[in-house]
Every structure is written in structure tokens, then in C-alpha cells.
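Novice: What follows is each chain in one-letter form.
Protein chains: 4
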Amino acid sequence: MTGQQYRASLADGRKVYFRGERIDDVTTHPTFARQVDLAARGYDRLYSADDNARNDFLSPPKTVDALRQRADSNFDFLTAISWTTAMTLLTAADRIESRRPQGSKAMRAYVQEMQRRDLRVMQCITDAKGDRSLPPSKQPDPDSYMRVVERRPDGVVVRGAKLHIALAPIAHEVLVVPTKAMKPDEGDYSIAFAIPVNAPGLKIVNVGSEAPGADPRDHPLAAENFASHSFVIFDDVFVPNDRIFLDGETDCAASFAHALGLWIRIEGLVGMVVQADLLVGLAQLITEANGLEKTSAIKEKITDMVIHASTLRATLEASLAHCRTLPDGTLAPDELFANVGKYIGAAEWNVMVRHLHDIAGGSVQTAPSMKDLDNPETGPFIRKYMSGKDGVDGEYRLKLFHAIRDATISPTGVYRMMANLLGGGGLNTQRIVTYYKYDMKGAKQRALEAAGLAKPG
Amino acid sequence: MTGQQYRASLADGRKVYFRGERIDDVTTHPTFARQVDLAARGYDRLYSADDNARNDFLSPPKTVDALRQRADSNFDFLTAISWTTAMTLLTAADRIESRRPQGSKAMRAYVQEMQRRDLRVMQCITDAKGDRSLPPSKQPDPDSYMRVVERRPDGVVVRGAKLHIALAPIAHEVLVVPTKAMKPDEGDYSIAFAIPVNAPGLKIVNVGSEAPGADPRDHPLAAENFASHSFVIFDDVFVPNDRIFLDGETDCAASFAHALGLWIRIEGLVGMVVQADLLVGLAQLITEANGLEKTSAIKEKITDMVIHASTLRATLEASLAHCRTLPDGTLAPDELFANVGKYIGAAEWNVMVRHLHDIAGGSVQTAPSMKDLDNPETGPFIRKYMSGKDGVDGEYRLKLFHAIRDATISPTGVYRMMANLLGGGGLNTQRIVTYYKYDMKGAKQRALEAAGLAKPG
Amino acid sequence: MTGQQYRASLADGRKVYFRGERIDDVTTHPTFARQVDLAARGYDRLYSADDNARNDFLSPPKTVDALRQRADSNFDFLTAISWTTAMTLLTAADRIESRRPQGSKAMRAYVQEMQRRDLRVMQCITDAKGDRSLPPSKQPDPDSYMRVVERRPDGVVVRGAKLHIALAPIAHEVLVVPTKAMKPDEGDYSIAFAIPVNAPGLKIVNVGSEAPGADPRDHPLAAENFASHSFVIFDDVFVPNDRIFLDGETDCAASFAHALGLWIRIEGLVGMVVQADLLVGLAQLITEANGLEKTSAIKEKITDMVIHASTLRATLEASLAHCRTLPDGTLAPDELFANVGKYIGAAEWNVMVRHLHDIAGGSVQTAPSMKDLDNPETGPFIRKYMSGKDGVDGEYRLKLFHAIRDATISPTGVYRMMANLLGGGGLNTQRIVTYYKYDMKGAKQRALEAAGLAKPG
Amino acid sequence: MTGQQYRASLADGRKVYFRGERIDDVTTHPTFARQVDLAARGYDRLYSADDNARNDFLSPPKTVDALRQRADSNFDFLTAISWTTAMTLLTAADRIESRRPQGSKAMRAYVQEMQRRDLRVMQCITDAKGDRSLPPSKQPDPDSYMRVVERRPDGVVVRGAKLHIALAPIAHEVLVVPTKAMKPDEGDYSIAFAIPVNAPGLKIVNVGSEAPGADPRDHPLAAENFASHSFVIFDDVFVPNDRIFLDGETDCAASFAHALGLWIRIEGLVGMVVQADLLVGLAQLITEANGLEKTSAIKEKITDMVIHASTLRATLEASLAHCRTLPDGTLAPDELFANVGKYIGAAEWNVMVRHLHDIAGGSVQTAPSMKDLDNPETGPFIRKYMSGKDGVDGEYRLKLFHAIRDATISPTGVYRMMANLLGGGGLNTQRIVTYYKYDMKGAKQRALEAAGLAKPG
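Chains as they are written, first to last, in this note's numbering: chain A, 34 to 490; chain B, 34 to 490; chain C, 34 to 490; chain D, 34 to 490.
Isolated chain A (complex conformation) (with noise of 0.2 Å):
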């Protein structure tokens, strides 16, 4: 698909909702042109004539320098988001094999059919939940998980919300799976599926950050660095059987999101360490612009960052070397490492953010706007004031403190903030997934061959 064809095919009658009103055109709305933009220029970028042509970007690597590779290839979200999808999909084809054949071969025939398509296909996990001290079947409300409300020869119809959904407003299906493991009386909400965005009955309410301001120089990483949120609502939608990837095997309920988490955290991952290079290299460029390059107390701020940055560099950098092959050779990073990474840079990026503020001090927040400095009557001022140390110009540094506040405090750094933290589950999340995937038996002999109790192995 050329970037043109991607655009019209989202007339689709898809119902996008937005601060209280329907957006009929995403392609043309403020807030969601320059996402379409960006993921026109992604198609553009991919686009081959050929007539057989199928988006090999959704194949998965299996060398660790493809893998390497892919991780650097700074794609647009839409399509970035595409590839996970294709991953997650082509893992957990391999974990349900055993129970649920149809719905393995399902799987990977709708990766050969999102290739061929050229689709671009978001997430829905997280279910809204109600009361989560209480599993799916307890809730006061039994939609409170995504479910299976009527059985039909031809398929089944679902019922629930799915939320903090990436994009949904300008792709073309969504992949449902289960939020979380489920008991054995739990087969209506053990249900994995694919489905159009303008499947009737789905709505996409689109929520979350302010858009980002309306001069796009203001906001230099806004373009590719944010991804706006939907609240998808399932009210009664249709699925037809071969979109069914599983549905009632209760035991494999966990696997999509087993696998899917693995590939979540090292996006995740990934995109922390070029972020905290970004961060780094902020700091040290609004310090010299400043004069202070040679300032102990800016220093130790600067060199906290490249240690943080470096000790994340050094987790992506294990996971890759110890990256196991599945069985049908695709490679998936260690998740112990990729584990550990995920859950330090999560939670250091604010101390992170702390320091590069710190050092870059008030005018992240104040800085005037690059009309203020078109405007003669105050631009002259601003350019004169604005400059920084001999040879460093006013409208240098204004844009390094667009370009900190983009990157930290504008919707577009609060959206990184945020995913940062939260995606592929909260700290929690990662800590668990860590203490099961140490090897706690080896450390344990470790500690008694210490204490006498048992002989060195």
C-alpha cells in the first residue's frame, strides 16, 4: 500500500469519538492528521510496486544482528505497533499449538494475510476490570472482562471495553487476547480474536493528553514520539470463526499475554535506551550552551544520566547475547534482562527527567514560543536573551528547551513518560516476571555451599 491508498482506506465507517463528538474523517481532524501523516510516510517508506509484493517487515528476525537490527530501525508507531502484533501473534502460535490447532493455524495464516494486506493491527488487552480483587466470573458486572455473550454456527459475539488502546482511530483491525490467566470455569472470557476497526458495534473513544500545541516547531519529537489512546467499547460485536484464535481453552488463556509482554518490554526497552541516550545528550548540549561544561555540581548530574543510561544499554545489550531461538526460528530476547531493563528504566526516568530539568532549569517550562519569535516586536528580545555563552544564539537554545520539554513535560513527553512506566504492566508487573525468571536454585546452592551445608557442585 502506497501512503495514499493507506489514508483512504480508513473511510471505513469506523465511529471515532472525541471529547464528546463523532470524528467522521480521522484523515483531515487536528488531532489525529499528523498520526496519519507520520504513518503514510511509514507506508511510503515500505511501498513496492510489485504486484506480489508482502510487507516482509512483519517477518520475524532470526539472527541476532536482524534482531539488533530491527530494534534500531525507528519505524513509526502504527507500523511499529504492526510488528509486535506480528510477533506476539507468530509466539503464542507456538504456546497453544498443543490445545488448540485451528487456532495456531489461524494465527499465522492472519500474519501472512497482514502481510500481504499490508494491514496495520493494535493491541486490546487491558479489560476494565471493576473490582480486581475479584477474577473475571466474580464481578458485579460480569462484562467487567471482554466475553462471549452468543455462540453462532458462524462465529460468536463479545462483549466488553478494552482500554488504553494505541492508534485504534487510524488502523485497520485490533488483535483482542485475554488480560490475564483464567480458571476453568472462565471459557466465555477465554476468547483471542481479530477484528476491523469498523466491525459494527465497536466504538473507539479516542482520550487521554492534550493534543500537542498548534505550531509543530514548538513541538519538534511531537511527530514521532506520541501516540494517542483510545477506550474501545465491544457493544455485542460479531466475529466471524476463522478470526477466532481461541476461545474456551481456559489453560492457554495466559499465553498471549505471556507473549505479548515479552515483546512489549523489549520495544520497551529499546526505545528507554535511545531515550535515555536522547536525554544525555540534552543535557550535555543545554550545559555547554550555558557555559557550565566544566561545573563540578552539573557533572555529577550529567554523569548520573550516562550511568543510568549505560547500566539500561547493558541490560539490551544481555538480553540480545542470551536470546533463545523458538521453535519456528524466530529469535525472542532473554526476559530475564529484558526484564531487568524494563523495570530500571521505568522507574529511574523520572529521576532521569529530574536531572536534565535540574540542569536545564526554568526555561523548559518558559521558553517562548517560535511565533513570539517571529513576531518583530518581541523576537529581537527574545533572540538577544534567549542566547547562551559567546557564539551560542538565541534561537539555538530556545530550541534545545523545545526539544527538553517536548521530550519530558509537553503532552508528547508525558505520553513517554507514562508508557515508559506502564507499558507491558506497571513496575509490579516486571518485578514478578524477574523473581521467576532468576535462577533462584542456583543461588541457593550457592548460599549453602557457603554456609557448609552442602558440598560445591
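Note that these hints are calculated values from the structure, not bench results.
The structure displayed is predicted, hence computed values, not measured ones.
Just so you know, not all the hints are guaranteed correct.
As the list claims (entries may be wrong) - Lysine-lysine pairs mimicking DSS-like chemistry, simulated, CA-CA at most 25 Å apart: (1) K213(A) <-> K327(B); (2) K48(A) <-> K417(B); (3) K488(A) <-> K422(D); (4) K213(A) <-> K470(A); (5) K470(D) <-> K213(C); (6) K327(A) <-> K417(D).
For this one, chain A is given, so just place chains B, C and D on it according to the hints.
Specialist: Quick look at chains B, C and D alone, frame taken from chain A:
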């Protein structure tokens, strides 16, 4: 003054700019209207019809209880900042009395004028600064710090810019003080004065965060917790003699910044104590709404928040318990404890926020708006799927998320974060003050005794 | 009692063991002699020749100044612990009055006996505990918690062990209390009493740290900062009726631990405040001796230490400023602030020590001994090469290193670290108490108001 | 050499002092005997009866696997330190080759001599330093840094002291290198050489921690985890020409410290990775023995420990994955990741220990000794009351406590803590190296691109 009189007083020809355009009437412009409303209500609250009325709120507290009460009084920002201005003037008047008695006299007279005319006066301290490693007199651009460029019999002409100025577009006057200590040859930079914001040559570029969103229901904290900032340009502004508080007494230049620092930090500390309790309360409420009040991992995080909130409060209590009486009877809180509290609060704010987000989850960012709740096509689903444990309805939970968002990541929340971190100087400023206010001599004596190198005192 | 009378009073047949051997005379055994000397000096300090003299030190303070003075009084451990015993008894006597009035009466009478006979009485609280996940009555071994195994007309016979008992080998008596709340069927475990350490069946195994080295000059802090611990065995010990303070009132069992906890934590907090200042002083002195007082990286670390020391002091000041008057006039410090302070001090002690070591360097561990300085073959070289900046001689620096070592990593230092961490319960205990003493209701109300879910109160 | 031959080789007239007295025979003195035993076993382990045998252990690894294997090889300290000496010599030989080829030749020849004669050679780097703010040539005492005081045709005479020298009393020789970079006029201070420890004028004052207690059963880790330190005096010691590696090439002075630093830090990192797993294992074992493996607050602490241990391991893995090949084929681990790992391990060690103590409780300090268990009067009670959950007997738990104590707070544990913190320089050294090894240029480029100030590379 009544609120209405206050509104009228703002139509004085002031030059205010925002995003490249001049604002003709701040009382009706969407960016300022809410702040003007809030300030107007502050006037109505303090109004007295008595012809001889003066604003007693701007008088200094003389008992610990009065000081504590003032700390809790929860005035609008415009009034609260004006109080800090008055306290700063009275504190600094004592400090420069021996060097420039006419300055002290003018400052005390100015405070009385503020009270009599019911003026709101903002502080201007931070200069443009240019190369931060050089003093004012060595800058590539001599205007990088505010300076006198011409002396006349009836006053002086000043040039420079002051950054990060709160609420200047809706105040009456500004107090301008040197940003730091000056050297003997920096007499032209040792200038302090007050001036109306409509003085010829004075331009106010309003800057900074996005304006809070259009629907106030989505931003419950914005009204009382957000102050816009300005970049204030002094393009050769004339200051009459009776408004000059310091002019050339270089050894006194730092007295203003020190006096202001004390009051800003104690105000900041009070604000952070209040906010810390607010964040704890929000964390506990959303936990209960989710049915997770017995979950250990969450209780651990709330306990961390409680420890932080109580530690902050302890520093405030210690600062009040050890306050000192200035020569004119004004009570000044203890600087060591106030600085320690300000430092801890600023340094740990981000961790408090991280805990709150980790507890509350993604809906902090992705909770739909109140208008989505109003819309009959989406509202019933949002109410249904945003509900929590039995008895917790969707609107209640939605409002909690809006409050958490507004307290932490909306423009209001981000304003708070930056104000906490940078108000009264960044972390390093607090560290330096703490170091110098600590009883190091006593600590060394104790250590010498312990090492057997000194007799017990 | 004079110090000499105290020494004589220890020859009472007590059964004390150390490293597999029974100690016949604790006053002359190298492990105990220094502690006995110190305690004896404490007696001489308080001695009055008046026949009717009673030890007023063991009375409760009734003004904040008296409480603060007591906190600073710097008594030897044996006396200080006895004071805590007395305060605990008076506090707990109030709490159990309505349930066991004869117990309250016996406790108050016992405090008077302590004062009249000038007794030193240690506390026994921690039981053996067995399986920590089970209550006393469900243990594999019913003796895992102290219990009554026989009731006689004139008293009870108890069995069990109490761990981590300070200075029992050189005290007169021990106060034994339940380690925690008991269930209705755990009446035999709800036993509190006082008993002389030479009671038949009572055995004291002295344990723990290495004894401090032979040359007291190398351990300047040891004399006043080290208390050995014991493992105390109650092998069916008879307790007469007038020494029984609780017996079977299961609902009162926790009152003793709570009362003791308050006083231990406030004592611990006072001790940590004093130590924090000591560590700061040592850091500053060794920095100056090294000529590095202007080095930024070191000043940063000292500033961190200063902030910590001042934060701790703030919690103590806040705890004293908000102390409460018990029914009998005893002043009790505020528990919220005391717990917060104890928690922070315990949690951060290791970081303070790390900073000090990082500043002082390897000679903390490798500074030669005073005897090496005495030895003419090595002494002159040590003096020469241990000297610091001009005017700082080698012996002075050597003594600073000995003090730092003794404050942190010698058996004395390690004792302090463990006492700071575990005295009054580990970190979790302080967290739980802090959580329950915090005004959560107020915080929730504030949050509801902010969210527009409640009217301002 | 066999262990027996090694023992005999130590009777060479060396001058060793401890606590004011000269030690005639280190092989039988209680302070040294255990360390000699351990080193002798190390000899026996590597012994070959072949007449042409040479110690291949001292050769450099040439593959990543060999490097990893060496890291895990768990040799006694004396052998391990000698390996670091050899690696340092080979690495530094490359670096000074162009400036002093005869030095490089002598260094390589010396490594071959070490292999052939099976010598154990310790490193001497830290000087006395006097006033740390002054360079060697400006010191009040010119001997504060090791220097040449006389030049003869056959060699030089040196004077000075070297501090914190591991195991010198039981080694054969010492390698002496400049502690830092030297200035052009500091030629006499730019001296590096090797010399036997019995060289005339060389005196070794053994110093530092208490000797581990008398009963090795109470100190299970001491044998393999403790190395005494020395203060080594060079009272005009003659060095023959063929043992001089650097003399006057001031610009090469730092090459030795840098080479040594790399190998010490990687050794330190390996050691900390091993210890981190040990501490996790001990924490888990004592938790299970206490029956608390399901208690959330404890699992949280163990998870913190797991995250730390895994982060450390990630830095080691990343350092190995990115190792570089030196010109002679020696593999050198990546310095950025090695330094980051060393820094994190050193900075966080205390928190790991605090968690372990908090989990294990007071018996870490107060567990009775094995002799108390042997004593029939006390042993049965200790066994009874030290038992844990059903099936966990008292001796098992006692040994766990002894291991925890020995790993953390015994002289062995304290040695480890100090070695972790200060080995290879304190925290600041690691910070500086990390800062300089980081790809700051790349980070700045990324930031410039993000700010729209540079084209994507």
C-alpha cells in the same frame, strides 16, 4: 478593591503577548480569563467597604500560630505571591538599613502603599544570564543582567530581561531585584526597584505550558494550582527615584535574593506538604475504588508516600518550632529545616508521582473526558466500564482519574512539578544553603571528642 | 549504689556462658570488664550518700525540656536501657489498668523498687519464634514462644528463650514481655514479669560480635557505644506472684510491646541523630586533614550527609513539638514523627557510612594500630606517612581513622548498624506503625475535595 | 612449586610487623596461618611435577570463553591477585612500548619469570599522598609519593610508602607503580619496578581488620574471602636496573594505573556478581527456614536483591560481549560497561546487605557460636530454640546465620564491603571513567537531530 474594581484596573495599556500575538484584554482572553476570575474572587474575599481599609493580609505574622495559619490560608496565587513580595521587602529592608537607609524607608513605604492601594506585585529575579560561567560585567552582551543604562536627576533607565515571572499579565506591578551577589565593579547591576507593568518599554511575553483544556470539569485542580509564566522585557524602562530600593551598593545586592529565597522556600515547602497529603489521599482513594486496599505491593507504595509526606511535614514543623524573630517583630522560619524540607520535597516529588501512577494505572492518561460521559452514544459505556468495586460508580472513578491527571501530568501538574523543583532555585541552591546553615562546628567538635582529640565541651 | 557496690552485686551465682565456656566472674573477664567499668562509672555519677536516696533518673520527664534533656543525657547503656524499662512499665501500666489493675499496681511498685534499690533491668522481648508464619499456639514446638508451663499458688513456672538481650550478664534483672499480640486461646503465652538474672533455670549465653580489640586506644568509641547481646534461656523458671504483670489477659498482650516500641524507637532516634552529626563531623575533619575541603565531589557527599542528619533531627524536633501527656503526667513523644525518623535513620545509615568511607578511603580499614606507632622500628614512618596537609600530623590523622573505623566497621560500628536497623523492630515494623499513625482520613478528604467529590470541610 | 615449597619460600628474612611486634614466622602466626594454608592449597592445585613446568594460569585469555572461565575460576586471593599483576604488566607493556621499549621488554620478561619461578606478586599503587590537593612535587614532605632519591650505575634507590597492600606478608614480590599521572617536572616520581619483599629497607606493617575469630566453624567464608592489608615502607630500597619498568618518562606514569584499574575493576565486578547471588541465596534460604517465603514484604526485598544481582550480571555480560583484542592478542573487557557495573555494585552493596539483615533479623549478630552448641549445658537449648519451621533444625539455621554474618559484618564481611567500595578507586573514580568512556558525541548528535538542529546522520 472589589473583584470588579480589580478587573477594571487591568485595562491600563499593558503590553502582553502570547504565541506571537498581542493580547488586548487579558480579562477576556481564554488563556488568562480563569486566572483573572480566581484573582478577582481573592479580592472579594478580602474586601472591606471601609474607606480607610488596608490589606492586612500583607502584614507580617508575629506569632508562630499566625505564621502557621498564614501557611495554611490557601489564598489564590496572585495574592499569595504578593504576600511573599511584602515579606521579602520587609526582611530585606532590615538587611540593607545600615548601607542605604533611604532604600529601607522606600521599601517600607512601598509595602504600606501595597496595603493601602490593595496592589498585587510579582517578583522579578532571574536574569537572562548569557554565559553562566561569567559574572555580569564580563558577559558578551552587557545586558544579560538587568542594569542601569542611564542616570537622570529624577530616576534611572534600566535595560534587561527577567524570566519565569509568574502572573505578570494580571498583576499591577513588579518588584525587580538582583539575581545574585555582585562584585565591587558591578554597581550598575546592583539595582532593585518596583514598577507598574504598564510602564513604557516594558513588554510581557506570556509563555510556557499549554493552556489547560477547554472543559474545566476535566481539570478540577487547574483553577487553584496553575499560574502562567512570563518573559518580561525591559526595553529602557524609566524608574523614578522613590521606587528605587538599591542602586550601586554592590555589597547589598544579594540581600534581596536571600530574603526572597527564604520566603519562597517556606511557601514552596508549605505547598509541597499540602500536595504530598493530596497525592497520598488520591492513591488511597483509587486503591479502594479498585478493590485493592489489602494488596501488599500497593500498600508498600502508599506507605512510601506516607513516609515522604510525614518527613516533609516534620521539616516544616521543625522550621516553625525554631523560627526566629527579626528586629521588627516579623517571625522568620528556621532556614536550615526549611531548606532541607524544600530539597527533599523537590527531589522526591517525582517518586511520589511515579508511585501514584503505578498504583492508579493507565487511566490516569486515558480516562475519557466528561463530555464523553455526557454523549449518549458513549456515556453509558464509559460509566459502565469505568466503575470499580461494588458500589463505586464510573463517574466517581473517572473524576478521581481526572484529579490524579491534573495533579501530576496535565499542564497544571507539570507546572507544579517544575515549581517544586525550581522555585527558590534548583536542587543545588537548596544544597548549598543547607550546607552553610548546618552547625558544622558542633559536628566537628563532637567528632574530635569521639576520636580522643578534644575534651568533651 | 556506688560503682563498687554495683560490681559486688554481680557476684550472685548467675549462669553466664561465652563461646562454650561458663564465665565465673563477669567483672574480670575481658569480654565484660570494660562494660562493667562503664556501668560502674554510671553508678558513681548518679550516687547519693543519702540513706533515703532513690534513683530519680528513672522517673519520667514531665516537660518537653526535660524530655529533650533526657534525650541528650548520654548515659551508659546499662543505665539508659533501665530508663527505657521504667518508662515502658509506666506507659504499659496505664494501658492495662482496666483489665488487670493488680498488674498495673505491681508494675508501678516495681519501678519504685528499681529506683530504691538502684537496679539495672534489661528488657526481654524477642522469642525464638520457630515458624514465623504460625502463631504461638500452632508451633511445631510449643516452647517457641515464652509460656507458662505450670501454675502454683505462689507463682508460675515459665519456659522459653529470649533473644538479642542487651547486657544481661551485667544487669540485675530482666523484664520479660510478650513479643506480640496474642489470640484468645493463647493465654499461657500472655505472660509478663520481672525476674533476677540469677533465678534458678535462667541461663545467659553471651553472643555476637567479636570483642573489641585489646588496645582501647584503637577503639575510641567502643567503651560508650558497644553492648554485648545474649541468648537467654528460661529452663522452667519460677516467677513469684508479685513479679507477674500480666497472666492470661490475651487482649493486653500487645500493650507491652507497643509501649516498649515507642520508647525504644525514640531512644533509637535520639541515638541516630547524635551519630549522624558524628559521621558528618568525621567526614569534614578527615576531608580537611586531606586538604580536600574545596573539592566539589566531596562537598557533595558531605552535603548529602548534612541533609540526612538535618532531616533526622527535624523528625525528632517534630516528635517533641507534638508530644502527648499520658494520664499520669508522663510526656510521650509523637509516634508518627518518631517512627518516620527511626525508619529514615535505619534505612539511610548505610548510605551515610558509604559516603564516609568513600570520602576517607582505605585507611579506615588499613590504618595501623597505636602500638605500631609506639614501636620505634615502624612508628616514625607511620607518623611521617600518615600525615596530611601541612600542619596535620600523622598521629592526628591516625586517630581520625580509628574513630571512623570504630564508628562504622569495627565490632562497635557493626553493633550500631544492627541496632539502628533492628532496634524496635526492622524496617517493616516502622513502616506499619507509620502507616497506621498517619492521618489517612484527612488525606482522603483533601483528595475528595480536589476531585470535586466532596465539599471543602 | 608445591604448597610445601611455597611455605619454605616465605622464610627469607622479610620484616613483617603486626600490632607493634615483629612477626618471625608468618606461616605459624595465628593472623597469617590460615591465609598461608589457603595459598599453599592454591599451589598444590596448580602444581606440575614436570621440570619445565611454568604457571600457565598467569597467561592472558585469548577467547571470550576463556576470559569468562577465568572470571569464574575462584582461585585463592594470592593467586588471583598475581594474575591481575601479570595482566596489568602485559597491558601496560603495550602502552609504554614506544616510549621505553626496554621497560616493555623487562615487563614481559618479568611475567615469564613469574610463570617460571611460580611467584606470587602483589601490586603497590596507593601512595601516602600527604596534602591531596597538591601534586607530588609540591608536597610539604617530598616523600609523600614514592620517588627516586639516588641513582647508581646498577639501579636506583627509592623512598616512600605504599598503602592498602593485600597479602604482602605472604607473597614473594611486589610490583610498584605510580599512583597517578605525573607532571613534566615529576620525573623522580615516575618510577615503576618489581622487588622481593625481603629487600633491605622494606618493612611491612600488617594492619586493618580484626583477625577472624578462633573457631573457623563460626566463620565459614573467612578462609576464601579475607585478605589482610599492609602498610609497606620503602626506607631507601635499592632496585636493580633489570627490575625497573619506568624511570622518568612522566607522560607514561598513568599507563600503569589505567591498566591496573581495568583489571582490578573487572575482577571486582566478577567478585560482586558472585557475591550478589550469594546474598540472594542466603536471603531466600533464611526466609524459607523461617517459614516466611510467602510473605509479601520479604519477597519485595528479595526481588530488589534479584534485580540488583541481575543488573550487575548484565553489565558483566555486556562488558564481555564487547571486549576488545589488544595488540598481543590479550582480550580486554569493555571499560564502559565494566566501570558501570563496578560503580553500581559498590554503590548498592550496602543496600543489599541492609535488605539481607532486615530479612534475617538480629540473629545475624547474636547467633551463638558453634562451641556454645557443643557445650552440653547450653547446646540442646540452642538447637531447640534456633530451629525454624517444621523440619528446619537449629544447627542448620545457626550455620545460615554464621554465613550471613561472615558475608556481611564479620571482619571478612567488612573486608568485602571495603574492597567492593574502594577497590580500583572509590565511587568517584568509576564515575569519571564512565563519563569519559561514554559515547557523548553520539548522544549529542541524537539530541541535535531531535531539536531540529542537525540532519539525521
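Novice: All the hints need checking, so say for each whether the structure fits it.
Specialist: To see whether the hints hold, each was checked on the structure:
| no. | hint | result |
| --- | --- | --- |
| 1 | K213(A) <-> K327(B) | holds, 20 Å |
| 2 | K48(A) <-> K417(B) | holds, 19 Å |
| 3 | K488(A) <-> K422(D) | holds, 23 Å |
| 4 | K213(A) <-> K470(A) | holds, 18 Å |
| 5 | K470(D) <-> K213(C) | violated, 54 Å |
| 6 | K327(A) <-> K417(D) | violated, 63 Å |
Of the numbered hints given earlier, the model fails hints 5, 6; all others are met.
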